[in-house]
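Those sequence lines, one after another, are chains A and B.
Sequence positions in the first sequence follow the numbering used here and run 13 to 364.
Sequence positions in the second sequence follow the numbering used here and run 21 to 295.
The hints are simulated quantities; they were obtained by calculation from the structure and are not laboratory data.
No experiment lies behind these values; they were computed from the predicted model shown.
Backbone N, C-alpha and C fix where the C-beta goes; we use that ideal spot for every residue, glycine too.
Computed list of chain B residues with no C-beta within reach of chain A, every gap over 12 Å:
#1 V49
#2 L97
#3 K122
#4 K204
#5 V212
#6 G226
#7 L231
#8 G273
Facing chain B, from chain A, some residues (calculated, C-beta under 7 Å):
#9 M13
#10 T14
#11 T17
#12 F20
#13 V27
#14 G31
#15 Y39
Given next are the chains, with one letter for each unit.
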Amino acid sequence: MTTKTRYFVIVSLVVLGVGVGTGLVAYYAGFPMSAVGRRGGPDELQYVPRDATVVAYADVRGVMTSELRRKLHEAVPMSENGQREFQDQTGINIETDIDHVVAFVAPGPDTGLPAGDASKRFPGGGMVLARGIFDAGRIEALMREHGAHIEDYKGKRLIVGSIHKGDSDAAPAPTAPGTSSDSFALAFVQPGLAAVGNVTLVRAAIDNQASGQNITANEEMMNRVRTLDSGNAWAVGRFDVLQKQSGLPESVASRLPPITWFSVSSHVNGGIRGVIQAETRDEESANNLRDVVRGFMALAKLQAGSKPEYQTMMQALELGGTGKTVALSFAIPSEIFDIIGKAGKLPAKQGH
Amino acid sequence: MTQTPTFLGSSARIFDLSLGQMLWSRRSVFLVLLVGGPVVMAAAIRIVVPMIGTRALQVNGAALGGSALFGMMIWVLYIRVVIPVLGVFYGTALIADEVEDKTITYLFTRPIPRGAVLVGKYLAYLACTVLLVLPSVMLVYFLVVPLNGRVGESFPSLLADLGMLAVGLAAYGAVFAFVGARMKRPILIGLVFAFGWEPAVLLFPGYLKRLTVAYYLQALVPHAMPDDSAVSVLLQVFHEVPPVAVSLAWLAGITLVGLWAAARAVESREYVLEQ
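Please put together the full structure from these sequences, using the hints given.
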């Protein structure tokens with residue numbers, strides 16, 4: 013072997029050795045080695061509990077001003093009762109006041125509820141953190157008019173109200189002095205940042221931010237958040253935990269694929285483009301899930317063959333993923349919403 | 021009186037001689053371009069993405085993870101192009117080049133088994149390609165995966181990739197070594213097999229796909245097959261994945277049988293050198 017050949021062999025082996033060594037260190041020690049910013053995600057994540065089951069983000073302003081929303085609004089006139097009720101209670105107009113929101117589902121204790129008891133699902137409850145322009149004084153006055161009272165928690169003003177239910181005659185179990193299980197609180201935890209949710213969760217959110225023990229310290233979740241950050245609406249969560257908490261009957265739960273994590277990331281503008289990802293317990297489950305999705309995709313593509321207007325959408329469906337990950341990317345063009353719009357208007361015209 | 025070297029000793033001697041010849045031949049320029057292309061591409065992605073932001077790495081508006089991009093590169097560049105091309109051009113040339121250069125006489129007149137010439141050259145091909153392809157994959161991995169991803173998480177799949185590529189090079193090399201030793205116009209036959217027969221039969225249901233190397237090799241790939249074309253969609257529809265152990269057994273069988281058949285062909289065939 014000539015010296016030149018020997019050097020080549022040594023250099024190749026060194027590249028391989030260094031690569032394998034670095035990879036092993038990264039694998040066993042969790043060495044980050046990421047080329048982009050470490051934390052990622054919106055700042056509001058500092059208020060989210062470390063063990064949140066689901067975290068979601070939406071660029072509300074982006075979505076509300078999108079072409080898609082305009083088309084949908086024209087096509088399907090939606091009931092705005094919920095939005096109006098929220099505005100009546102809190103003085104916040106979702107369409108104009110909010111820039112973006114972060115929502116989460118907190119893990120709750122195992123209640124041992126019988127399967128299918130929907131009334132107490134997600135005992136940990138959920139909370140929304142909304143960033144925007146708020147008239148704090150007006151909102152507080154409005155909520156006080158509706159019976160809310162003010163509490164002070166670690167220097168933050170909590171406006172605590174209660175949700176009125178027509179059929180709730182029984183007295184709710186108290187969660188804290190002066191509050192009930194149906195109490196919700198709104199707190200301006202930062203200028204322009206409103207936290208709305210269960211009183212206990214709002215208090216916990218203030219603690220999470222102060223202690224630093226929040227979801228930004230959960231590397232497993234943050235790794236996933238970083239990959240979703242470019243979309244204007246996304247959600248990520250533990251599917252297995254949600255499945256346990258949902259109290260599904262065993263016969264149904266056993267038929268669900270063994271998904272551990274799920275995530276959805278989308279970009280809403282003229283249409284919707286996005287990726288749905290699922291992480292399964294093992295590679296075999298991922299292969300099975302891919303096969304199932306592939307079958308549905310083939311069927312959908314076959315069905316869309318005779319409808320040219322749906323073909324673009326079908327062609328954009330792309331199945332991917334590595335190892336335990338199954339990813340389905342999609343793109344719904346704005347033309348589809350035009351078709352929905354026409355279909356929605358048709359019965360109204362026929363009625364005239 | 022000198023002792024006749026053993027088969028293994030002879031193979032080692034030929035390996036030593038052929039490795040340098042293969043590495044520093046004109047064909048190496050082609051080899052470097054082939055394995056260097058993905059590295060250049062990965063380096064370009066690595067430079068551009070931090071400048072534009074991770075939105076540059078998007079599929080349908082959603083972020084594409086670094087490991088997913090790496091998986092796509094493995095499928096599209098290495099499995100579909102680099103491995104079969106190296107197998108065809110190097111595997112068929114093991115004996116054919118010596119015949120073409122009229123230097124095979126010098127090897128066959130040495131007191132070594134003819135089969136050992138082929139085995140030694142095959143081992144040199146394997147060392148040469150493995151030592152070029154695997155570092156190339158390693159560089160691509162470390163350039164691409166840290167974009168929107170973490171090295172540690174997908175490292176086991178890199179090891180699977182490296183093993184799969186080495187096995188693929190060995191299997192394709194053995195098959196094309198036989199083609200080169202047994203047939204005339206081996207490159208043409210090799211190209212038809214790798215880029216005509218294999219992709220075609222994989223598109224259809226049935227047993228014919230079992231007569232390909234790609235069928236077993238694709239079962240070892242830890243990444244999902246990308247839907248990058250209509251052909252890929254068809255491939256996915258009829259995509260059967262044999263178990264890993266079965267695939268490994270078949271690939272080992274293909275390699276050993278291919279190599280044995282090639283050695284037998286070299287032993288028995290009379291090479292007529294054109295004047």
